[in-house]
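Given the coordinates of chain Y, work out where chain X should sit on it, guided by the hints.
Number of protein chains: 2
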Amino acid sequence: MIGGTARMIVRFGDLLANVAHRHPEAPAVTFLGRTRTWTDIHTRCRNIAAAFEGMGLEPGERVAYLGFNSDALFELFFAPAMARLETVAMNFRWSLQECIAALEDTAPRVLVFDAAHAEQAMAAAAASPSITHLFQTEGAAPMGAEPFEDLVRRDGCPSTEGSGGDDTLIIFFTGGTTGHSKGVMISHANMLTNALGAPPIMRNQLERAQIIIGPMFHMAPGSRIFSAVLLNAHSVIMPKFDMVEMMQLVARHRVHAVTMVPTMMHMLLEHPEFSRHDLSSLGPIMLGGSPTPPALLERALEAFPGALFSNGYGMTEMSNLIAALTPEYHVLEGPMAGKLQSVGRPVPYLDVRIVDADDHELPRGEIGEIVARGPTVMKGYLNRPEETAEALRGGWFHTGDMGWFDQDGLLTISGRLKDMIITGGENVYPTEVEDALTAHQAVSQVAVIGVPDPKWGEAVHAIVILADGADANADDLIAHCRTRIAGYKVPRGITFRTEPMPLSGANKVLKTELRKPFLEDGD
Amino acid sequence: MIGGTARMIVRFGDLLANVAHRHPEAPAVTFLGRTRTWTDIHTRCRNIAAAFEGMGLEPGERVAYLGFNSDALFELFFAPAMARLETVAMNFRWSLQECIAALEDTAPRVLVFDAAHAEQAMAAAAASPSITHLFQTEGAAPMGAEPFEDLVRRDGCPSTEGSGGDDTLIIFFTGGTTGHSKGVMISHANMLTNALGAPPIMRNQLERAQIIIGPMFHMAPGSRIFSAVLLNAHSVIMPKFDMVEMMQLVARHRVHAVTMVPTMMHMLLEHPEFSRHDLSSLGPIMLGGSPTPPALLERALEAFPGALFSNGYGMTEMSNLIAALTPEYHVLEGPMAGKLQSVGRPVPYLDVRIVDADDHELPRGEIGEIVARGPTVMKGYLNRPEETAEALRGGWFHTGDMGWFDQDGLLTISGRLKDMIITGGENVYPTEVEDALTAHQAVSQVAVIGVPDPKWGEAVHAIVILADGADANADDLIAHCRTRIAGYKVPRGITFRTEPMPLSGANKVLKTELRKPFLEDGD
Chain Y
1 MIGGTARMIV
11 RFGDLLANVA
21 HRHPEAPAVT
31 FLGRTRTWTD
41 IHTRCRNIAA
51 AFEGMGLEPG
61 ERVAYLGFNS
71 DALFELFFAP
81 AMARLETVAM
91 NFRWSLQECI
101 AALEDTAPRV
111 LVFDAAHAEQ
121 AMAAAAASPS
131 ITHLFQTEGA
141 APMGAEPFED
151 LVRRDGCPST
161 EGSGGDDTLI
171 IFFTGGTTGH
181 SKGVMISHAN
191 MLTNALGAPP
201 IMRNQLERAQ
211 IIIGPMFHMA
221 PGSRIFSAVL
231 LNAHSVIMPK
241 FDMVEMMQLV
251 ARHRVHAVTM
261 VPTMMHMLLE
271 HPEFSRHDLS
281 SLGPIMLGGS
291 PTPPALLERA
301 LEAFPGALFS
311 NGYGMTEMSN
321 LIAALTPEYH
331 VLEGPMAGKL
341 QSVGRPVPYL
351 DVRIVDADDH
361 ELPRGEIGEI
371 VARGPTVMKG
381 YLNRPEETAE
391 ALRGGWFHTG
401 DMGWFDQDGL
411 LTISGRLKDM
421 IITGGENVYP
431 TEVEDALTAH
441 QAVSQVAVIG
451 VPDPKWGEAV
461 HAIVILADGA
471 DANADDLIAH
481 CRTRIAGYKV
491 PRGITFRTEP
501 MPLSGANKVL
511 KTELRKPFLE
521 DGD
Chain X
1 MIGGTARMIV
11 RFGDLLANVA
21 HRHPEAPAVT
31 FLGRTRTWTD
41 IHTRCRNIAA
51 AFEGMGLEPG
61 ERVAYLGFNS
71 DALFELFFAP
81 AMARLETVAM
91 NFRWSLQECI
101 AALEDTAPRV
111 LVFDAAHAEQ
121 AMAAAAASPS
131 ITHLFQTEGA
141 APMGAEPFED
151 LVRRDGCPST
161 EGSGGDDTLI
171 IFFTGGTTGH
181 SKGVMISHAN
191 MLTNALGAPP
201 IMRNQLERAQ
211 IIIGPMFHMA
221 PGSRIFSAVL
231 LNAHSVIMPK
241 FDMVEMMQLV
251 ARHRVHAVTM
261 VPTMMHMLLE
271 HPEFSRHDLS
281 SLGPIMLGGS
291 PTPPALLERA
301 LEAFPGALFS
311 NGYGMTEMSN
321 LIAALTPEYH
331 VLEGPMAGKL
341 QSVGRPVPYL
351 DVRIVDADDH
361 ELPRGEIGEI
371 VARGPTVMKG
381 YLNRPEETAE
391 ALRGGWFHTG
401 DMGWFDQDGL
411 LTISGRLKDM
421 IITGGENVYP
431 TEVEDALTAH
441 QAVSQVAVIG
451 VPDPKWGEAV
461 HAIVILADGA
471 DANADDLIAH
481 CRTRIAGYKV
491 PRGITFRTEP
501 MPLSGANKVL
511 KTELRKPFLE
521 DGD
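If you read the protein sequences in the order shown, they are chains Y and X. For what it's worth, our numbering labels the leading residue of the first sequence as 1, then goes sequentially. For what it's worth, our numbering labels the leading residue of the second sequence as 1, then goes sequentially.
In isolation and in its complexed conformation, chain Y is listed as follows (with noise of 0.2 Å):
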């Protein structure tokens, strides 16, 4: 006999038993070549749901990840709102400090962890008073651990119907590309919002495979598994990026959608083996974390005639997607072509302006902090109501990000208010600095920062990393400046790199570590 009670507001648990009554065969998760449907995933996570319950977790109490992407992470975004617990998603590329900072911040009951992150979970572990239960996903459980398996071995059924609406589904954490990581509080309403509204805009269409090549600890992956549900979409999750595999993959699962950053696109065209593959199932392409280069866009248009390019900009308080620019727009020729600086138009559910300093709106083709508000707003920052006021202050959830409307409302993203550099009173935006030194041919790629400065308290300062046999000194590219851009935005020192750029989870360059030789105590 069907029953429960009058379900009105949205659960991820009924989303899921849903796709797994509709479609029980159909496979659900493909991982490490080992695929799970529907119907199994529907069942483990039920089974997982009753035994945290049984384990005496009571709702609102937290169930933690540490590791690499996986099927067992896939089930801990859905069992703990079976059992109305929230699910945190820890970032493997944390130091065993700021795991325990995390796990201080979020007193999670369990701690799930891969065999790769057993060594650090487990000392983490050991100075968190708040864990009484831990498991390893796979591989031999060091001791005071359990296997994974054991909470999905016992056939059970949580007692209740679950978490939803306005509860917390889950934490993630912010990239941290300033500052400390902050645990950001998503609704289960949250997320439904942005699984309906975002999927057609990139133009994924039902029941097909995508993949998750990013960390799905971090929002941008990590929403496209809610999304799945809704989709009835298969994923196929790669524990780490490979190339290789990727595209292997793709052609094996036949994948439909895949979100990657330009770079990665980049690497993909180059790779020696690209054409060796079957990739032309791939349809919408979502790229994202920087503009799409013209040139890259005509190799990929040239490499992938049957896919829908599109660009996107999300952010993790706002459960993904502010903004996208549609494939309409990515053409070379007519009246659709030249806006791939631009990200695009904020979703339709979204409201998004730009501001000054005092919040005051700008007009059209002024660059100002981009602010939003609706229904994907997250809750808040976890333990942090001083932080979640400031964000959300007037309103507005305030990015961070500098940004300007042009006259057909498509948005450009300026950089981070945080770099933005201050010289001699004068605003200076990086983006604007790059683009002019980009613009030189000899130059591969260039991050432009503030450093310390007696005399202007900032200085521009660009890092440099030369295309390959390309020749050319400081001099050459500040003169190449000067005539781009207006004096004080000029570098006034130029430091080149052969190594690639260190880069955020989000695959954003951190200019913190940049800036940190410039800075006289390390701070």
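What the hints contain is simulated information worked out from the structure, not anything from laboratory work. Fair warning: this is a prediction, and the values are worked out from it, not measured in the lab. Warning: the hint list may mix true and false statements.
Said to hold, decoys possible - For each label pair, taking beta carbons as the anchor points, the in silico distance ranges come out as:
hint, chain 1, residue 1, chain 2, residue 2, range
1, X, Gly54, Y, Pro363, 25 to 33 Å
2, Y, His360, X, Asp155, 17 to 25 Å
3, X, Arg364, Y, Leu362, 54 to 62 Å
4, Y, Lys418, X, Leu332, 56 to 64 Å
5, X, Cys157, Y, Ala126, 56 to 64 Å
Unchecked claim - Some residues of chain Y that are not near chain X, with every Cβ distance over 12 Å (derived):
hint, residue
6, Gly60
7, Pro454
8, Asp468
By construction, the Cβ of each residue, glycine as well, lies at the ideal position given by its N, Cα and C atoms.
Chain X in isolation, oriented as in the chain Y frame:
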């Protein structure tokens, strides 16, 4: 300075403000040759909301509208919510007594009406003590009423941020094909989910025009007004349906999207002026209310080579869409063909199942009642806690429709539970008998009902409209049925009819009307 309080929940007032901010000069509504931009509409709605507050209306009080479609009704879908009031959408086909009953049920403070319904509105208001203010949309208002434009005249700003989330946004009434009309409370969150989830299924694009030809007081056309603020769509509103005017408007405004019943598509293709109008802008054409006959699809595909046809199944209590047969099934050949009798797959955010009279789930292929749960289930029936509890028993909304799932997960509707005929203890679904009769070449339209029978309890009876110039008597048709369906399903009697079938406002055959002559006391 931007302001307000944190807005993590959806408010349709905010969504209207968003689109006005994003596309200030874009057309929002065209009605009787008059076009209002999103700025116009937003400003007018804000003024109307402030005027309602100025009149002393308190949060949770109601504003009702009685009349044909209009741009005033468009505004009344948003303005009340901006003052935390609720909209009541009255059916202009109601008798005076029905209007009075609805006003007693909803107890609005304000009644807005158009000139064509002024007499009915004033008479109903005279019997409705809750009403303190009356407004007529156009023309000279009768004594005791004021011009609707008076509400708009003064610049104002409501003192609140408006209702949102689980607050009631609007009360629509059920079609009332069986029994009385019930008020259905729909929340902002209900409507957001449909407005985000339904358009991609029909392949609606952003920033295009839609034409509203059905009565907006019904959920199916009404819900498209709410999705318009997310699609940034231009709504071209017809006061009443007129085929020639529709063709002119589609051509003039390059209309992209339209919803109509298959019969209307048939009339359109048959219309002598059809080829004289440029209807090539039509993209997504949503049919609904009944399956699309293959012969009609064949003609429609030829007449609209650029269109994408779909067929939807919706319901007032489900904030509209429950399932949809998507464009790829609207073909005449190939593996996707042959599904036109179905309404397709449930929308991905709903759990839809088939149950028997005891609410036990039935296996695929078996006919039973269609039940659904998910975030678009209504808050409840207004003032009818027992009927609400009955409809939502066990946590599922009971549609009252019978249907079955095929092996591909496509849903086919078999008729209304209340239309089911029980004859000699056997269940007969009228649709099955109707399909058998329709297969006879002499039959143009048919409706099968149960009529009282002293021996069998009920007897199967068919009302038949013959095709033009066709000739067949009852014996011919009964003999035809005997070769196709079981004996107990074969009609015991046939009534031939020359006038059209009586239709509800939602263009469904009113079987209650057809049954009346057979009931002894005309009950």
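_Hint numbers not upheld by this structure, sorted from lowest to highest_ = none
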